[in-house]
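S.K.: Sequence:
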Amino acid sequence: MPAKRKGNLFNAVFERIKEPLLVACLMFFLSLPMFHTAAAKVVPWAFAIGGELSYLGLILKSLFAGGLFAVAQLGLAFL
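Residue numbers (numbering that gives the first Met the number 0): 0 to 78.
Treat the hints with care, as some may be off.
[Claimed, not checked] Ranges of calculated distance between the beta carbons of each label pair, as one might list FRET restraints: (1) SER53 with ALA23: 21 to 27 Å; (2) LEU8 with ALA64: 27 to 33 Å; (3) PHE68 with PRO32: 19 to 25 Å; (4) LEU8 with LEU31: 32 to 38 Å; (5) GLY6 with VAL42: 29 to 35 Å; (6) ASN7 with ILE58: 17 to 23 Å; (7) LEU67 with PHE46: 16 to 22 Å; (8) GLY74 with LEU31: 19 to 25 Å.
[As the list claims (entries may be wrong)] Taking lysine to any residue and the SDA-like style, the derived pairs with C-alpha atoms no more than 25 Å apart in a straight line are: (9) LYS40 with LYS17; (10) LYS40 with LEU20; (11) LYS17 with THR36.
Hints in this document: simulated from the structure, not taken from any laboratory. Think of the CB as a built atom: it goes at the ideal place given N, C-alpha and C, for glycine as much as any other residue.
Let the sequences and hints guide you as you build the complete structure.
M.R.: As structure tokens, this is what we get:
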């Protein structure tokens, strides 16, 4: 019986932590300088003169992150 409790506990913890962990991973990868450099090459109009994201760029990055989160949630639904 204790093995069954451990499995239930693990499943309960996994269910509660998978979405916050996904958000943390998305934030990490979207904050990498490599992503910033690649985005500057693909959508240069989303950047201000100093190389920082403009307001339009921030909105675009947020929409991109939201889309990635939605797609990833669909994938997590099968776990």
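S.K.: Please list, smallest to largest, the hint numbers that this structure does not respect.
M.R.: 5, 6, 9, 10, 11
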